[in-house]
Amino acid sequence: MDRERGPRVPEQRSPAPNEVDSDAVELRFSVLGPVRAWRAGTPLQTGSPQQRALLSALLLRDGRTATSHELIDAIWGEEPPSQALATIRTYAHRLRKVLSATTLVSESGGYALRIERDALDLFVAQELAAAAEKTRAAGDPGHARMLVNKSLGLWDGEPLANVPGPYAEGQRARLEEWRLQLLETRLDLDLEVGAHAEAVSELTALTAAHPLRERMRELLMLALYRSGRQAEALAVYADTRRLLADELGVDPNPELSQLQERILRADAALAAPAEPHTAPPPVAQPAQLPATVPDFTGRASFVRELGEQLATAEGSVMAVSALAGIGGVGKTTLAVHVAHEVRPRFPDGQLYVDLQGTSNRATEPEAVLGAFLRALGHPEASVPDSLDERSALYRSTLAGRRVLVLLDNARDAAQIRPLLPGTAGCAALVTSRVRMVDLAGAHLVDLDVMSPEEALQLFTRIVGLERVSAERQSALDVVAACGFLPLAIRIAASRLAARRTWTVSVLAEKLADERRRLDELQAGDLAVKATFELGYGQLEPAQAHAFRILGLADGPDISLAAAAAVLGHPEQETEDLLEALVDTSLVESAAPGRYRFHDLVRLYARSCAERDERPEEGEAALARLLDFYLATASRVYGIERPGDKLVHHLGPTTLTGVVFQDRRRAQDWLYAEANCMLAGARQATGGRRLRLAADLLWAAQGLAESGANSKLYEIAALAVRDSARSCGDARAEARARTSMTNVHLVAGRYEDADDEARIAAELAVSVDDPAPVYWADNDRGIIAFNQGRYEAAEEFLRNAAEGARRDDSDSTEASALCNLSRTQLALDRVPEAIDLAQQGVGIYERIGHTLRLANARYALGVALTQAGRHADALEQLSEAMELFEANRQRLWEGTAHFRIAQVHLSARRAARAAQHCEQALAIGCIGGDRIRGIVLITLGRALSALGQAGRARACWLEAKSLLESMDAPEAEEVRGLLAPLSTL
Numbered sequence: 002m003d004r005e006r007g008p009r010v011p012e013q014r015s016p017a018p019n020e021v022d023s024d025a026v027e028l029r030f031s032v033l034g035p036v037r038a039w040r041a042g043t044p045l046q047t048g049s050p051q052q053r054a055l056l057s058a059l060l061l062r063d064g065r066t067a068t069s070h071e072l073i074d075a076i077w078g079e080e081p082p083s084q085a086l087a088t089i090r091t092y093a094h095r096l097r098k099v100l101s102a103t104t105l106v107s108e109s110g111g112y113a114l115r116i117e118r119d120a121l122d123l124f125v126a127q128e129l130a131a132a133a134e135k136t137r138a139a140g141d142p143g144h145a146r147m148l149v150n151k152s153l154g155l156w157d158g159e160p161l162a163n164v165p166g167p168y169a170e171g172q173r174a175r176l177e178e179w180r181l182q183l184l185e186t187r188l189d190l191d192l193e194v195g196a197h198a199e200a201v202s203e204l205t206a207l208t209a210a211h212p213l214r215e216r217m218r219e220l221l222m223l224a225l226y227r228s229g230r231q232a233e234a235l236a237v238y239a240d241t242r243r244l245l246a247d248e249l250g251v252d253p254n255p256e257l258s259q260l261q262e263r264i265l266r267a268d269a270a271l272a273a274p275a276e277p278h279t280a281p282p283p284v285a286q287p288a289q290l291p292a293t294v295p296d297f298t299g300r301a302s303f304v305r306e307l308g309e310q311l312a313t314a315e316g317s318v319m320a321v322s323a324l325a326g327i328g329g330v331g332k333t334t335l336a337v338h339v340a341h342e343v344r345p346r347f348p349d350g351q352l353y354v355d356l357q358g359t360s361n362r363a364t365e366p367e368a369v370l371g372a373f374l375r376a377l378g379h380p381e382a383s384v385p386d387s388l389d390e391r392s393a394l395y396r397s398t399l400a401g402r403r404v405l406v407l408l409d410n411a412r413d414a415a416q417i418r419p420l421l422p423g424t425a426g427c428a429a430l431v432t433s434r435v436r437m438v439d440l441a442g443a444h445l446v447d448l449d450v451m452s453p454e455e456a457l458q459l460f461t462r463i464v465g466l467e468r469v470s471a472e473r474q475s476a477l478d479v480v481a482a483c484g485f486l487p488l489a490i491r492i493a494a495s496r497l498a499a500r501r502t503w504t505v506s507v508l509a510e511k512l513a514d515e516r517r518r519l520d521e522l523q524a525g526d527l528a529v530k531a532t533f534e535l536g537y538g539q540l541e542p543a544q545a546h547a548f549r550i551l552g553l554a555d556g557p558d559i560s561l562a563a564a565a566a567v568l569g570h571p572e573q574e575t576e577d578l579l580e581a582l583v584d585t586s587l588v589e590s591a592a593p594g595r596y597r598f599h600d601l602v603r604l605y606a607r608s609c610a611e612r613d614e615r616p617e618e619g620e621a622a623l624a625r626l627l628d629f630y631l632a633t634a635s636r637v638y639g640i641e642r643p644g645d646k647l648v649h650h651l652g653p654t655t656l657t658g659v660v661f662q663d664r665r666r667a668q669d670w671l672y673a674e675a676n677c678m679l680a681g682a683r684q685a686t687g688g689r690r691l692r693l694a695a696d697l698l699w700a701a702q703g704l705a706e707s708g709a710n711s712k713l714y715e716i717a718a719l720a721v722r723d724s725a726r727s728c729g730d731a732r733a734e735a736r737a738r739t740s741m742t743n744v745h746l747v748a749g750r751y752e753d754a755d756d757e758a759r760i761a762a763e764l765a766v767s768v769d770d771p772a773p774v775y776w777a778d779n780d781r782g783i784i785a786f787n788q789g790r791y792e793a794a795e796e797f798l799r800n801a802a803e804g805a806r807r808d809d810s811d812s813t814e815a816s817a818l819c820n821l822s823r824t825q826l827a828l829d830r831v832p833e834a835i836d837l838a839q840q841g842v843g844i845y846e847r848i849g850h851t852l853r854l855a856n857a858r859y860a861l862g863v864a865l866t867q868a869g870r871h872a873d874a875l876e877q878l879s880e881a882m883e884l885f886e887a888n889r890q891r892l893w894e895g896t897a898h899f900r901i902a903q904v905h906l907s908a909r910r911a912a913r914a915a916q917h918c919e920q921a922l923a924i925g926c927i928g929g930d931r932i933r934g935i936v937l938i939t940l941g942r943a944l945s946a947l948g949q950a951g952r953a954r955a956c957w958l959e960a961k962s963l964l965e966s967m968d969a970p971e972a973e974e975v976r977g978l979l980a981p982l983s984t985l
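Numbering-wise (the numbering used here), the sequence shown opens with residue 2 and increments by one.
Keep in mind the hints are simulated off the structure, nothing from the lab. Since the model is a prediction, treat every value here as computed from it, not as a measurement. C-beta atoms are modelled at their ideal positions from N, C-alpha and C, and glycine is treated no differently. Take the hints with a grain of salt, since some may be wrong.
[Claimed, not checked] Okay, derived cross-link-like pairs now, DSS-like style, lysine-lysine, Cα gap no bigger than 30 Å in a straight line:
#1 K151 <-> K135
#2 K712 <-> K646
#3 K712 <-> K961
[Unchecked claim] Just the calculated beta-carbon pair ranges, DEER-fashion:
#4 E27 <-> E846: 22 to 32 Å
#5 E846 <-> P291: 45 to 55 Å
#6 K712 <-> R689: 53 to 63 Å
#7 E576 <-> G42: 21 to 31 Å
#8 P291 <-> E576: 22 to 32 Å
#9 E576 <-> T655: 18 to 28 Å
#10 L828 <-> A209: 20 to 30 Å
Required output: the full structure, derived from the provided sequences and hints.
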């Protein structure tokens, strides 16, 4: 076809070599998605949306100077704020501090960026497109197609995402149009190299999304024709002609009409290229099944039965098979083998999870659904919080797809019901110790031990035919001693295979001598423990000691550094011991540098410790673990909260913990180790461990506000508080109650929070522990504020600020000042509130405390909102929201969205207000259901202003239900909003 060869790329100028400073060489920028910047791979803070608008305007000028007036027009259009010029200078100053003075330069009354052309993704994409055009003209469509794909691959969502202003809006439209042109070029190249069959599905989706793009319709017609689907190709033309006539009152363009005529006469020139074509690689699908064992043996009837049952997923109902049996009987091995056998029937992927059902803390369905949704392509930010919402999104994602879900080691039917797909085409395979008679519609399979013939066959495959044939009777004795349990047989055979000097009879004699073990092998669940005894008995003394001691620690897994602390060994020596235990199958390698016990193996290890270790040795090991966690968590706290004196009040540690090179890695450690740390704190019942646990919770308080770890944090804090009270340890109890105060505050349980804070202060005074006292004053001030007791709040907060000053705790003083700012607002002292919040911002900026700087900017933004300074308020709240997001404080991020919504509503921007309210509801907010009710009130007001009275009423009804249930003062407000509607 004689067509334009592709979208024309406008000529771009490059800065002269001497224009680019060396500081800019390692800088990289993106505009084909969110506007971002990096230096040497490290993300840079690009500021508020308006600041990013300034940055993007300069980036897109390709080194040319933009005057201040041009930038004002770009960001605000015809309605700039009164201080627009000063604001532009402020943004430029902030960006210059981030990028360097030689990168962002001032000249001719404006600003320009001096960067290399390959530093911006747009310029790279343009160069790739230009190279593709030249390559295609030179007769190499395959290479040209690859270059266009690389250009398209640089897009990361909507260009200039969330960047405000008319200039960004215009550039977004231009870049999106160029992307569509590139897509058309790529699809044209697909047809040119013979990939017409693959192109049909993509073109079908694109023509549905862009029905009036005639070029895409033309390409779809040609792709269908070349795929032998002439009637469909002609139907596309008929549909296009009707659509254009109905929507635009025009006929198809000449190219489309000519193509229809050529199809009707079967023009030979339209035939597909003769060259063979290799299809592009398929889109990646989840393939999470563990590897099947190469020596899988027997179970033929079960394999056939389960395979036939799972095949019914192709019919009208979803297939569910539940496999039950005692521990060690081979449920997981069989399920994984069957799953691999039926994989071709499930081309859209396979999901797998170990539900840890035999543990005291089985994996929660919410956590599993989160992992599954991410594996199915949902980004973290789009995964909802509640179980019902996650389950609904999971079922919707699987609808129309053919996916196999293997749910291993389930506790009961209630645990797995939310994890089942909801439509035909998918299937679930479940393993559990219990028979799931209450799982409606499931095909139940009871797995028994192996037959003697299968057991001997498995043993022979592992040990080797030559050795077994020479001692067949001894081999039969071995598998009989193992009770024909597959796990016991595999462990015994693996040990024998690893010891070439042993004979089969030697192993048989060892098994025969273990009378207790033989009895247990014949006693159901104890059979698994006896089987583990076989491997444990072969360990070297140091390995056995490590196995026993490490089994004492709670938690889903353990890092190498934490394991070294437990054992009191260097990391290299610890790693050698752990790898030896991995080789014996007593410990699993969960990931590089992380290890875990199977739940039954952990119980076995603890029984060995009770038998072989002195109690004080186990106590010391667990104390070393908490010591390690506290040392590291306090270091993270100090990095995140410079100037905070809390770390000086924590108890001394003997270990140094992990040392971090930057704040991001410190945060990563905290959240990666959260479940393990909290599990360790829950275990502490007295003595030094109890105090370490109380301090650990205080140092890791950010976990309570993260949203993801809040519930586990609360459970741990409750356990430590109750243990401290039982032991009469006032210091530990005061600190645990301080942690519980924070838990209740985050959840909006103010009366409970006040009780905890009051008792914490009394206990702390009794043992001369000053920090919990002024922390309690600060918390009680927040509580009183939220309860409407503003004079009491003011008194508490002034006491907190004074106590923090006496302790030289700048961070806590700033927190008290910001909270006092909120109280002054409630007392209608707006200037004082702004001044106090600015003091807090100043302190946090001086000490470099970026985490709580977000809270200070939040307080300042709220005060500025009440002062009617909407632009200033938005700037502060937007920066606060970005800092909350960067510090993984999801609930605070949601709360900032709510406050931004209030600003927009005050400024009569109802649509923007509704958008931010929806974000707040999706993420969640500090303050629990009460704040959710207030957000719903605000959303209802925004929707009402948009003319959506029905939705507004629904929001207010939900808010009324929430607020009245807790007797919140805002209930009266929402009743007033609903009253006029009741008469309609």
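Hint check:
1. K151 <-> K135: 15 Å, holds
2. K712 <-> K646: Distance of about 27 Å is within 30 Å: holds.
3. K712 <-> K961: This hinted pair holds, its Cα atoms lying about 26 Å apart.
4. E27 <-> E846: 22 to 32 Å: Distance hint for E27, E846 holds at roughly 27 Å.
5. E846 <-> P291: 45 to 55 Å: At 51 Å between Cβs, range holds.
6. K712 <-> R689: 53 to 63 Å: 27 Å, violated
7. E576 <-> G42: 21 to 31 Å: 29 Å, holds
8. P291 <-> E576: 22 to 32 Å: Once the Cβ atoms are compared, 23 Å apart, the range 22 to 32 Å for E576 and P291 holds.
9. E576 <-> T655: 18 to 28 Å: The hint (18 to 28 Å, Cβ to Cβ) holds, given that E576 and T655 are roughly 22 Å apart.
10. L828 <-> A209: 20 to 30 Å: Given range 20 to 30 Å: violated, Cβ gap about 58 Å.
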